[in-house]
Each structure stands twice: as C-alpha cells, then as structure tokens.
Amino acid sequence: MSGVGGGATQSPPLLELRDVGKDYGSVIALDGISTTVRAGEVTCVLGDNGAGKSTLIKILSGVHRPDRGELLLDGRPVAFGAPRDALDAGIATVYQDLAMIPLMAIWRNFFLGAEPTRGWGPFRRFDAATARETTRRALAEMGIDLRDPDQPVGTLSGGERQSVAIARAVHFGARVLILDEPTSALGVKQAGVVLRYVAQARDRGVGVVLITHNPHHAYPVGDRFLLLNRGRSLGSFAKGEVDRDELTRLMAGGAELDQLTHELERPPS
Amino acid sequence: MKPELGALIGAVAVFTFFAVQSEVFRSARGVANWLDPASTLGIMAVAVALLMIGGHFDLSAGVMVGTTALTVGIVAVEFRQNLWVAIAVALVVALAIGFSNGWLVTRTGLPSFIITLGTFLMLQGLNLGLTKLFTSTVTVGGIDDVPGYAAAEWVFASRLSVAGTEFRVAILWWVLFTALATWVLLRTRFGNWVFATGGDEVAARNVGVPARRTTITLFMTTAAAAWFVGVTLAVRLTSVQANTGIGQELIFIVAAVIGGCLLTGGFGSAIGASLGALIFGMTQLGIPYLRWDADWFYFFLGAMLLLAVLTNRLVRRYAEAAHR
Ligand SMILES: Nc1ncnc2c1ncn2[C@@H]1O[C@H](COP(=O)(O)OP(=O)(O)OP(=O)(O)O)[C@@H](O)[C@H]1O
Ligand SMILES: [Mg+2]
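So the protein lines, in turn, are chains H and W. Everything in the first sequence is counted per the numbering used here, starting at 1 for the first residue and increasing by one. Everything in the second sequence is counted per the numbering used here, starting at 1 for the first residue and increasing by one.
The following block holds chain W by itself, in its conformation from the complex (with noise of 0.2 angstroms):
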C-alpha cells in the first residue's frame, strides 16, 4: 500500500504517450526542459504533501512565494541591502507568516482552509500595496545589480552541464528536497507524529504527540519552502511582479494530491508529490512539443485528480476495510 504508486504508474504513462509521439521530449535538451517547472513546483509541492499528510491545507502557500520574491527584491534594491541580508529578511518573514498559519489554526481549531484563505487574500493586497507603495510600479526590478547576487546567483539559479546538457540547479535541490522530506517522514519520530497528528488528532495527543507544535512546524516549513522558491524566482528573473505565486496553491494541492496524499489527511509521501510535479512539468511541456493547444493542458491535469481522487479513496476504504 505505497502511496506514490499510483502517481509513479501516471509518470511512467505520461513520459511514454510523448516521448513516443516527441523526439524534442525525449531528448536531453528536452528533459531538462521539462523538469524545470517541475523542479520549482516540486519544492512546493513536497511541504504541500507534509502539510496534507498532518492534516491541513495551505491555500497561501503561492502568494507566499511572491511574498518572499518582493521582501527580497524591496529590501535589496530599496533598502539597498546586500542581497544576503534581503534574503534573510525574506525567510524571517515566511517563517513568521508560517508560524502565524499555524498558531492561529492550533488555537481556534477553525478549517486550515478558512484561516489561510485569509492569509492569502491579505498577502495578495499587502503584496501589490507594498510594491506600489515603494516603487510605484507592480514590479521590483534590478536584483542583478546588488551586491552578493553572484553567489546568490549561484546557489538559487546556476546551471549544471551534464553530458553536454545544461540542467538548472533548482531541480538538484528538489531531488534533495524530496530525499530529505521522505527521510523525515518515514525515520524520525517527527515523521511519525506528522501521520499521527493527520490521521487522528486527538488519537495522537492522547498518546503524547505534540500535536500542536508538529501543525506550526508543518506550516512553517510550508513557508519556508516558499521562501526557496520565492528566492529563486527573484534571482533568476532579476525582476519579480507583484502578483507572483497567485493561483499557485491550488497546483500545489494538485500535485501532492495526484502523489497519493488524502485530503483528509494521515496518508501520502513527499516522493508521491514529487511525482505529481514531474507529471505537472512533462504535460506542460509535452503538450505544446506535440503542438497542441494549451488548452488541453488543464484538460490533462483536472483528468488526472479526478483519477487521483478516486484511486486514493479506495486506499482509504481499504486501510479502513474493518474500522468498527
């Protein structure tokens, strides 16, 4: 009972309907075409799937990557701050938005879907008056031109040659990513609670888990993987748009959901969500490579949830088969 099986069938599907029909797909040129918005999507993703599997959503996980675009573009280029120093900044704020998420969400109790709806909205108008406020555009630009972009520029955004073929550094770090979130998971006691928490609050905290402080950690590494990305974004592009990130979130669920995640929470795996992304990445380039309209991208994607949806809830019945 792998969560990710599903997913890892769907990739193995996907690559092979265009790498038969694409030789651009199939190439290496190609490849590293397309693990490219999987491999930013996949850092995402992969929190998303912790966060889900501890039983709660975060529907501000995408703004908060263009929140921590802008902190970082603002305080470099505004604040005229080593772009390390920006960087910092950047992940105090995620962590403090993370930590707020999850505080707020363990003291009311109220649906993680309604408290970070709020979040979200608020973001999205703090995100577009803050950058208009200080450089009365929608756009911070310039991040190049700041000190300590070179060695950012090679942590966040270089590239790697690998057999003649350049691969951006960001899908190492989602491999890595993936590696350490499944390490987490299934070989620390914090792995162990982030099931139990999932699975049945009130369950685990009889038995001692420290439900409350496992939900704000899940939430705060929710932000500080937007953080990552939201960094990535700013010093690839050098420019970031104050509407960054927005509508991401829902892609976020889609992925961990597509990776065997349950909506209801206690079940799924970080490589499952990685998948989902690779899945996302291969359609979104496959379908023009094939000439296709755009379109049916999003005809794919809802396709396979839907397909995602009802596998994972049989996982569920079946786990459940003799429940009472």
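The shape of chain H in the complex, shown without the other chains (with noise of 0.2 angstroms):
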C-alpha cells in the first residue's frame, strides 16, 4: 500500500536528502535541498529550465558528488564515487534520451551492464537465450508487449523506450527508480502510458524519483513534491498540502504567472 497520508511511516526513508548542494564552478547549481524518498512512493522534483532537476538526480545517481549536505540511505548517510555504487545501492536511474542504445537489440539493452553468463574462465559467455527469454518475461509482467525482443530500441517509440527501461530498472530489483522528465518529449497518450508504468513500479514497493516540470503528469502519481526554483527549494509538500493549481503556480514562480497571465491576456477591445 502506498502511505499517501505518510502518517504510518515511522521506519527511516529509503532516501533522504539534508540540505544539499552543488556549485559548478562559480555557479551554484543547487543549494539546501531536503526532501524524502519513502518505498512505494512518488516523489516528484518539479522545476522550470535550469532550475537544478538533472543536477539533483546526478546526485542521487553517483554522477556528481554534492559540495553540501548530506545523502542518507536507509538512514544511514553515503557517498557514492561513481554510478555503479549508486547502482549497486539499488538506485537506478533512467535518463531522458540516454536510456537505451539505439542500435542495439531490446533484449541486449535489457541486460547491458548486468550480463547474464554461463561457462567458465576463458569460455564465460553471455548467456543470450536467457537474456531474451527474461526479457520477455519482464516485459510482459509490467503489462508491454513487444513483437521482438530482437528489434533495435531505436525503432521503438519513446514511451515504449521508457517503459522498457522502467521495466529494467524493477526487474533488476532497484529499490529507487530516479526518471529524468521521461514524458517531456512524449504525446499525452503515450505520456500516460509512461506514468502507468510509474504507477506499476510503485506498488511493487519501489521508491520513485520522477522529475517533471509539467505538474499535470506529476500531480496524479506523486505522493510527494520538492519544488525547485534556480537551484534552490520553493519546498517539499506531500500530496495533502497542495492542489494542482497551487503547484503549478508555485513552479513557475507564483506572481511571475499572474504577471504573464495578465499580459497575454487580449486587451478589452
């Protein structure tokens, strides 16, 4: 069950971010980020251009190492040197158009980096029949049907690529599944499509990180927002605390809409 009061939640979070931050030099990407990641829940990390969302899921992700702040996994804090810790963290994360490899079967893509083998010493091979078969299997369990396992991903739509990666991510048992805005370039159906994977990946108890900066996708299927605004945080508001309309006025910076609102609207004539 998804604690969307989170009133029961008195185990330590998956995730908790303390007061992070992040400079690029001399420009401060990030500054005094907190918010929680719980099992079976929705956070979503909303923002307009620029304002620190890719940023932050490097964080999560071992990409970058934050400046400030602190990283606690479980309750216990981290500091990831490289992707492949937070992987091994079971943090996994799908990337906006870095998902797949485009040129590669959808089965060898399922399985990259984490091969199956069989045989031994110089005779370890990659077991292709089980890659295919698991992929499938996979697949089919989070509800995508796919006609080949063999087709290239690049011939494949882009909410069937981030479903795919969905997919890869729950099969491979990560515990937060982080998305980089995976329906920023997706039609509305499709977008949907996307986000009923997202819904499936939460109930099986996975600790979603979905970065948006549109609050209509977010608002259905998040448990959880943390507002971004140039880096730093306009707050983190479970889904009680706000309506859509409160939120999409706080990401594009509450006055400054009105402001637009006001300007664009046709003069009295």
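Please keep in mind that the hints were generated in silico from the structure rather than gathered at the bench. Note that CB positions come from ideal geometry on N, CA and C, so glycine has one too. Worth double-checking, as some hints may not be accurate.
[What the hints assert, rightly or not] Covered stretches of chain W, going by a simulated chain H footprint (3 or more residues, C-beta under 8 angstroms):
1) 7-16
2) 199-209
[Said to hold, decoys possible] Every beta carbon over 12 angstroms from chain H, so not counted as near; a handful from chain W, in silico:
3) D36
4) W84
5) G109
6) I114
7) F120
8) F134
9) D144
10) R159
11) A196
12) F267
13) D295
14) F299
Got two chains here, separate frames each, mind docking them using the hints?
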C-alpha cells in the first residue's frame, strides 16, 4: 500500500536529502535541498528549465558528489563515488534520452552492464537465450507487449523505450527508481502509458523519483512534491498539502505567472 | 538486419564476375593466390572492425605492422636474440602502443582520429630513424639465419597442402581470428560492451559498462593484430623495409566499412570485415588475371566503398527510424 497520508511511516525513508548543495565553478546549481523518498511512494521533483533538476538526480545517481549537505540511504549517510556505487545500492536511473542504445537489440539493452553468463574461465559467455527469454517475460509482467525482443531499440517509440527502461530497473531489483523527465518528449497518450508504468513500479514497492516540469503529469501519480527554482527549494510538500493549481503557480514562480497571464490577456476592445 | 549482408552479396558478385571470365581465377591455385592478400588484410580488418564498432579509428594500425616487423628483425638480428624472444619483445611493444593510444583517447576525450594520427607520424619517424640507426640502411635482413626461425616459420609462414594445392597458413589464422572475434562480439559480455560503448558511450557508462576499459582493450587488440601480421611478414620475407605498412591503415578501414561497420560506431561485424578483405583480395588479383590495367583496382575499390557507405546509411536510418 502506498502511504499517501504518510502517517504510518516510522521507519527511516529509503533515501533522504539534507540541505544538499552543488556548485559548478561559480554557478550555484543547487543549494539547501531537503526531501525524502519512501518505498512505494512517488516523489516528484518539479522545476522550470535550469532549476537544477538534472543536477539533483546526478547527485542521487552517483554521477556528482554534493558539495554541501548529506545523502542518507536507509537512514545512514552514504557517498557514491561512481554511478556503479549507486546502482549497487539499488538506485537505478532512467535518463531522458540516454536510457538506451538505439542500434542494439532490446534484450541486449535490457541486460547491458548486467549480462547473465554461463561457462567459466575463457569460455564464460553471455547467456543470450536466457537474456532474450527473461526480457520478454519481464516486459510482459509489466504489461508491455513487444513484437520482437531482437528489434533495435531505435525502432521503438519514445514511450515504449521509457517503459522498457522502467521495466529493466524494476527487474534488476531497483529500490529507488529515478526518472528524468520521462514524459517531456511524449504526446498525451504515450505520457499516460509511461505514468501507468511508474504507478506499476510504485505498487511493487519501489521508491520513485519523478522529475518533470509538467504539474499535470506529476500531480496524479505523486505522493510528495519537491519544488525547485533556480537551484533553491520552494518547499517539499505531501500531496494533501497542495493542489494542482497551487503546484502550477509555485512552479512558475507564482507572481510571475500572474503577471504573464495578465500580459497575454486580450486587451478589452 | 545483418551488417555483413551487403558485403556477402558484394563478395558473391565479385567472385562471379572474375570467375566467369578467368579460368586461373577459379582454379585452386588462383583461389590460394587471392586468399593470401585477403588473409593478412583480413586479420587486421577484423581487429579494426571491432575497434570501429567500439566507436574509434586507429590510423596507426598500418605503420604498427611495420613497427612490430622491424622490432622482430632488429632484436633478432642486431641484438642476436632467439627469434621467439624478438617476437615476444615485439608483442610487448605493440601492446604498449595500443595501450597508449587507448589511454590517451579515453583520458583526453579527443577524437581517436587525431590521437592515432599523432601515433602514426611518430611511429613512421621511429621506424625509419631506428632502422637507420641500427642497420645504417632502411632494411633489416637475415631473419632466417636466427635461431628459432624454423619453429616460427612453421607457425607464421608455413604452407598447407589441400588437394595438391598449397595454401598459406595465414589463411587458417584469418579464419580462426574471424570466428573468435565473431564469438566475442555476439556471445560475450565484452562484445555487448563493445556495441554499447560505440553506440552511446555515456548511456553505456550510466548502466555500469566499463567503457574506458573496453576502449583500451580494443586499441590493444588492434595492436596485437598488427603484431601478428608484422611477425608473419617478417618471418615470410625474412627482411623488412622501414616503410612497411604505411598507407595500409586506410585499407583496413575500407574493408571494415565494406563489411558493414558504421563510421559512427555501434554497428558492424567481424565476418563483414573479413568479407571486405576477401573482396579486396579477389579484386587485387582478379584484375591482373583479366589483363586489365592495375589502375582499375583503386577505382573499383573506391566504388565499392561508396556503395557500402550509402547502404550503411540506410541501415542506420532504419534502426533509428523512431528515434525521438
Ligand atoms: N556541467 C555543468 N557545468 C556548469 N554549469 C552547469 C552544468 N550542468 C548544469 N549547469 C547549470 O546548473 C543549473 C542547473 O542545471 P540543470 O541541468 O540541473 O537544470 P534542469 O532543471 O535539469 O533544467 P532542464 O529542465 O532544462 O533540464 C543551470 O544554470 C545550468 O546552466
Ligand atoms: Mg534537465
């Protein structure tokens, strides 16, 4: 069950950020960011372009180290030196357009970096039959029906590719699944499909971090909302604490949006 | 969507073209003749194809054949070592060069094209300079007078008699290396990493593929192939010119591209590269068999290359049809 109200969550969260900050040279990309990710919940990170969303997931996924603050996994501080460390800790990341290798078959992509092998010594080989079959089964379990696991990933639609990437992360036992703008390049229908797989992953007990700049995608599936603006936090809210319009207003910088609405209105003729 | 399909059709077409018109070409003796240039080129083309699938070029692959052959000659003849010691030293030299290429490429992030162009020029200078220094000429000779030659000749330069026709052993090595490379590419983790590193290095690294190690290994593999061919030449010819191998690097790339390797990496096959080398060998000998002017050879090769590049482009378009 996903604890929407968040009342019964006494155990430490899967992942917690405490006052995290990161600079690129003199650019302060992030500062003072705190939030939590719990098992079976979706934490949405919302923000405009350049708000620092990608920087935040790079910290979570071990690409960057935070310059300030703490990252806690199961209540204990951790420092990831490389993406591999984060992966080994059960944190899987699906990058917006770097999720898959277009020219490679789906099953090869599915097991990339975690290829099953058989045999030993110099005869140790990639167990292609198992990989193919497991891919087909794992996708079917998530309700993804693909004609042929041998087709190159490049021939899939954007939504299908995101779905395969999500299925992959779930299959490999991800406890935390980070999705960088999985819906931004998709049409309404495909975005809906991807969000459904996000909900599937959540229902299997995965803690999901969903990055987006679209509150309409975030609100229905999210349990917690972290709002970023120019590297600073505008707050981390549980679902009960904000509604969709509030979220939209906060994201666009509140007053700025009102101003814009005003400017764009037709002059009364 | 097999990368080598185009090359297979090409090879059959080229074979038919020459075999119909020339009796020598289709005789066992003729086959042994045109398989010979195909074999040494093929060994290199297979390694270069792996590297290209991994997303890189090695312009120093040709001159490295010369470097290793000269090392064998100089160590064996000038330093009076057993030929096998010389062969081992040459292997160490080759692997060091390959490692340095790979290390520089992965550390700097510069295009391998430019890094290996630097290696190419440096080795070209070293080959000449050191050969002159040690022998006062531009040739190292007398490799067959060195202890260990008989065994080395058996491994690298013997001839096998099949149904009364003599075939060079390099052909056998070529077939073995092609099979081995194919197996590695399609049936091992490393092979999966090669495709991934060449297809999208950042994405590969993000899912935990050791992209840097893969790239360095590929450069060292190319260097090892150059060593094998260099030793083969040194043992066969028993004397080595200081300019050996120069200019061949482009032919290796041509064979790999005819074999279906994309210039952008991430796609190709070892069998394809071998078929590319086969087309090269058949054309190189087929044209004189037809008593045509040898100039036609390069025209023909260029046309094949263009055709291959255009076909490969279609493949890429297809595979990325729905991309984004
Ligand atoms: N590698 C880098 N070097 C220097 N500055 C960077 C780097 N990466 C990001 N930045 C800067 O840090 C800030 C936050 O960038 P980030 O990519 O995290 O934003 P984002 O919220 O993901 O934006 P978008 O919605 O456009 O993807 C921006 O001002 C950006 O220019
Ligand atoms: Mg971003």
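Worksheet item: Any Cβ of chain H at or closer than 12 angstroms to A196(W), or is the non-interface label fine?
Response: At about 5 angstroms from chain H, A196(W) fails to clear the 12 angstroms cut-off, so the statement is violated.
Worksheet item: Minimum Cβ separation between F299(W) and chain H greater than 12 angstroms?
Response: Given a closest Cβ separation of 32 angstroms, the condition holds.
Practice prompt. With a C-beta cutoff of 8 angstroms, work out whether three or more residues of the segment 7-16 of chain W approach chain H closely enough for the coverage to hold.
Written response: violated (count 0)
Worksheet item: Does I114(W) sit more than 12 angstroms from chain H, CB to CB?
Response: Check passes; 25 angstroms lies beyond 12 angstroms.
Item to complete: With 12 angstroms as the threshold, tell me whether W84(W) passes as away from chain H on beta-carbon distances.
Response: 23 angstroms, holds
Worksheet item: Far enough from chain H: is every CB of that chain over 12 angstroms from the CB of F134(W)?
Response: The assertion about F134(W) holds, with a minimum of 38 angstroms to chain H.
Worksheet item: In terms of beta carbon proximity below 8 angstroms, does the segment 199-209 of chain W have 3 or more residues touching chain H?
Response: It holds: at least three residues are needed, and the segment 199-209 of chain W offers 10 whose Cβ sits within less than 8 angstroms of chain H.
Worksheet entry | Status of the stated non-contact between G109(W) and chain H (beta carbon gap over 12 angstroms) | 16 angstroms, holds
Worksheet item: Taking the closest pair, is the beta carbon of F120(W) still more than 12 angstroms from chain H?
Response: 29 angstroms, holds
Item to complete: Classify the label on D144(W) as holds or violated, using whether its beta-carbon is more than 12 angstroms from each beta-carbon of chain H.
Response: 34 angstroms, holds
Practice prompt. Take a quick look at R159(W) and tell me if its Cβ sits farther than 12 angstroms from every Cβ on chain H, holds or violated.
Written response: 30 angstroms, holds
Worksheet item: Can we trust that F267(W) is non-interface, i.e. its beta-carbon lies farther than 12 angstroms from all of chain H?
Response: 5 angstroms, violated
In terms of the numbered hints stated before, the structure departs from hints 1, 11 and 12, listed from lowest to highest.
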